[in-house]
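Residue numbers (this note's numbering), protein chains in the order written: chain A, 349 to 777; chain B, 52 to 365; chain C, 14 to 345.
It is possible that some hints are incorrect.
Below, a sample of chain B positions facing chain A; criterion: calculated Cβ distance under 8 Å [unchecked claim]: (1) A124; (2) I149; (3) A150; (4) G151; (5) I211; (6) L215; (7) N218; (8) L302; (9) L303; (10) S327.
Label-pair distances were calculated between CB atoms; the ranges are [to be verified]: (11) B:G266 with A:E387: 56 to 62 Å; (12) A:V650 with B:L109: 58 to 64 Å; (13) B:F98 with A:E534: 55 to 61 Å; (14) A:G541 with C:V321: 46 to 52 Å; (15) A:E636 with B:T91: 53 to 59 Å; (16) B:N136 with A:V650: 46 to 52 Å; (17) B:R352 with C:L68: 33 to 39 Å.
By construction, these hints were calculated from the structure, which means they are not laboratory data. Note that this is a predicted model, so its numbers are computed, not measured. By construction, the Cβ of each residue, glycine as well, lies at the ideal position given by its N, Cα and C atoms.
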Amino acid sequence: MFSKKRAFAGVALATGAALALAGCAGGSDSADELDPDEEVTLDLAFWGNDVRAELYNEVIAAFEEEYPNITVNSTFLGYPEFWEKRQTEAAGGNLPDVMQFDYSYLRQYSENGLLLDLDPYIGGIIESDPLPENILSIGVVGGTTYGIPTSTNAWGMYTNPTLLGEVGVDEFAGGSWDDYNSWMAEVTDASGGDVYGGTDWTGRIQNFEVQLRSEGSYLFSDEGEAGFDEARLAEFWESGAGIRDDGTVIGQQTLEEVAPLSGFGAALTVSELTWDNFGGGYLAELGEAYPELGLIAPPVTVEGSQDLYLKPSMLHSIAANTEHPEASATLVNFLINSPASGEIFGTNRGLPASETALAAAELDPLSQQIADYEASIADRLGDAPPVPINGYGTLEEKFRQLGTELGFGTITVDEAVSQFFGEMDVILG
Amino acid sequence: MSTSNAYTTSGGASTPVIAQQQAMPAPLPPTKRRKVKRKTWQTIVWFVVLIALTALVLYPLVWLFFATFKPNAEFGQNTGLIPENPTGENYLKVLEGIAGVPMWKFYWNSLVLATAAVVGTVISSALAAYAFARIQFKGLAILFAAMIGTLLLPFHVVIIPQYLLFNNLGMIDTFWPLILPKFLATEAFFVFLLVQFMRQMPRDMDEAARIDGAGHVRIFWAIIVPLIKPALITCAIFSFIWAWNDFLGPLLYLTSPENYPLPIALRLYNDQTSSSDYGATVTASFVALIPILVFFVVFQRFLVDGVATQGLKG
Amino acid sequence: MTTTSTRALVTGRRLPKGRLMPRRRNEAPAQRPGQRRRQWRETLAGYGFLSPWLLGFFGLTIIPMIYSLYLSFTRYNIFQPPRWIGFDNYIRLFTNDPQFIQSAQITLIYVLVGTPVMLAAALATALLLNYRDKGAGFFRSAFYAPSLIAASVSVAIVWRALFSTDGPVDNTLSFFGINLGGWVGNPDLVLPAMIILAVWQFGATMVIFLAGLKQIPKELYEAAEMDGANALQRFRAVTMPMLSPVIFFNLLLGIIGAFQVFASAYIISNGSGGPAGMTNFITLYLYKRGFSDGQMGYAAAIAWVLLVVVAIIAFILFRTQRNWVHYSGDNR
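Please model the entire structure based on the sequences and the hints provided.
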């Protein structure tokens, strides 16, 4: 029984390789038509919870109805497990045909030849009309498109109006980072220490990036060079020393205790700088006592600068080793552009990037709020930075971790800076 | 590694106590074999101490049980035992299944995996342990050291190579990569456990059987296996529970949600990138706990009888 | 088996020497012509019994192990073939990685404090449970129950809640005038909270102790009692030596298991190893380096350092074995 299975697997492997070779040799001109009679089975992988999985099941059912010759087998996991599994699969040359993909892994997977070049399908199988040019360009690495964004998000600041009302402080009126610090201090004072104005924002690399972009710089260039030096990073972390030391922001110990919730999700802070697609999660964590959120622009570093940008909340990519690139592209198109997908997913995967999907999606109040927010910051939106460098996720996590240690006071700013640059040497070197 | 030298040559030198026993007078008359009567107050103290310990140890589980009635938003806000707004919603949600896969399917997958693990582990580990503990063969020392060496290996190190192997065998998304290793005694813990128990058994009996002309297969089956029944049952219980709770193995080798066992299913209520349903998570893990709790309650009885002692009374 | 030989066993009396085969045939010079063939048969039987294990050992363990040793001398991100870099990974570990040093320190503390505490708790409980069989079944199940629950998010949720500020533990301690606040978020107290978690899940160790206790012939106790030994003396004269192989097993496996602690740290810290890196145990660090950061070669180096350290400790333990571990089967 085993030997039979093994033999079969061998044959399958061999034919797979042959097909892949044939695909390479065939060139791209034959690669953009879907054969409607060929029986095809596709593997689709995504991360998410049970709710999202139900939605995918519905969308897949709609897809299979429209394309009866294609069967889709889907698999899903939580985010960290999803990537762990993809890594082992990548090592085994075994990636699923279509994947929900994350921006921070796009460069790594595409530069290692694991993802399919989507350019031959864009404008063909994958309709490009509903997708604005600045959206399509997000998934480009080294001049080639490897991912199509399902949805976008921008950096923003969530506030908790109910909690602010209880404390008796007005919404943050906008202003500089110093203004924000003062406003947080006001909230913390007014609440008598039960509620904090916010979290130490110097723990998030995105806030550093926003400041760098204001100054005309960047975090990392396309070549993987840093757009800042030790002194600039030290200055950034020092700028949070005041609010850390005087207890304006929520203590690191309390944050660790409420994790996996954030201080904001546990109703212990009234503001949080984060990606604007986190609102749904916050509402679920806060529960019925806090039915609404405020969403405003982050503090301003340099007036009039384009410090913000749109980032894909997730993308769809196709494995380079797929045996059915046309069918896979058809599925990607359906998942991104079809009205059915917009109608079923709604904003579960973020605000749809495709106009046709967005038009079909029913926006709940929060989604409408996010859509309005992204429209309101149009003046501050600049070009997206290059697709994150290899190892960006590691550096982001290191940054966060050093931020928590600063919060605990277990290291000095100088030590943190030297540790971060040490890690950068390893990653970039 | 030469650790096994100490192992295979240890012996008589370290047995002053038994010497003491040897000095003991005549064999016990059968009438003295009855249980020594315990004093009543001792039993009461015993009982009270155990009740107190049990309360301490079970408190977190009781907390968990009450938490299954907490609505999702209460997690992180109410650390007390009693839910402020009790609800049965979590149970309804868990009973619904996940993404079209009914809950019983996850149970069934776990049951299949755990049962296969028990059968495979007990058979293969007992065979290997007998060889290590009771047979003198060339290469014993080095192989024993190698077996101990595998205990020291962090599992994460061999993940990628093992994955590549099973991938080449075409076994991804089947139960084989999870079951096959169990039949090959790859969990050195069980081999070593049984070796320790077999070494504890007096050697004189199988020596006697050898004189009577019994081969290793018969000694193993007729003498050793009955004697180490408590240890075998221990192995069976552990391998069942560990297979039931295994997360990493199924995560790596199984792809279709219909093939997921419970530990993976339990995580599907959480997604760090959107929202997590802690109420459903806690409830699902509590519900998943029930079958193995029942399993343990049933099988722990076998640990009650001192099977080995009975064997010696033969 | 005859009653005479049973009694001989129980009392430790030996059968007349001539009736026993010499135990170590290979030590005795070949006196009889059948000796060599016998030895050959033994070896055959040995490998026969070992064959499933051998297959698994060579197929699933030794080759991946050697491969990982090779990887530890490379830079390897899974996607591109490993690139040989000599001892660079090891040099970086010991000279340029404060996280590794901290990780090694907290892991050692966890092992050296946690294992003895856990073993003592498990042995004490097993002795209590062994005192009397009637009614013990319930308690056995109760004590084992915490070990049944998978290392899931639920354990993290319950542990965080119990040890939070104004949680049950904090409130109880405050009642006695000890104000520690929350444990899980406090870098100084999270390690004790992790150790308590390990002790709480002592069920497997306890059951192994129990099984060992059950295999001690009751006759030995009765005999000791007849000699007038009190409970403590019986414990030292009968229980300890008879249980010593099992104690050895639990000690060795406890230490190895503690060195490899992963799941509890992963779930309690949500994979981060926090607060302030105080739950970043060595396997969690290894895992993060290998699977989150894609530094598989570096992770393999960490694994091999861990393996060597554990092997040294295991070696020392095996060497001390002859001083305190007693195997009945080796009685001559």
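So, going through the hints one by one against the coordinates:
{"no.": "1", "hint": "A124", "result": "holds (2 Å)"}
{"no.": "2", "hint": "I149", "result": "holds (5 Å)"}
{"no.": "3", "hint": "A150", "result": "holds (3 Å)"}
{"no.": "4", "hint": "G151", "result": "holds (5 Å)"}
{"no.": "5", "hint": "I211", "result": "holds (5 Å)"}
{"no.": "6", "hint": "L215", "result": "holds (6 Å)"}
{"no.": "7", "hint": "N218", "result": "holds (4 Å)"}
{"no.": "8", "hint": "L302", "result": "holds (6 Å)"}
{"no.": "9", "hint": "L303", "result": "holds (6 Å)"}
{"no.": "10", "hint": "S327", "result": "holds (7 Å)"}
{"no.": "11", "hint": "B:G266 with A:E387: 56 to 62 Å", "result": "holds (58 Å)"}
{"no.": "12", "hint": "A:V650 with B:L109: 58 to 64 Å", "result": "holds (59 Å)"}
{"no.": "13", "hint": "B:F98 with A:E534: 55 to 61 Å", "result": "holds (60 Å)"}
{"no.": "14", "hint": "A:G541 with C:V321: 46 to 52 Å", "result": "holds (50 Å)"}
{"no.": "15", "hint": "A:E636 with B:T91: 53 to 59 Å", "result": "holds (56 Å)"}
{"no.": "16", "hint": "B:N136 with A:V650: 46 to 52 Å", "result": "holds (48 Å)"}
{"no.": "17", "hint": "B:R352 with C:L68: 33 to 39 Å", "result": "holds (35 Å)"}
The structure fails none of the hints (numbered hints given earlier).
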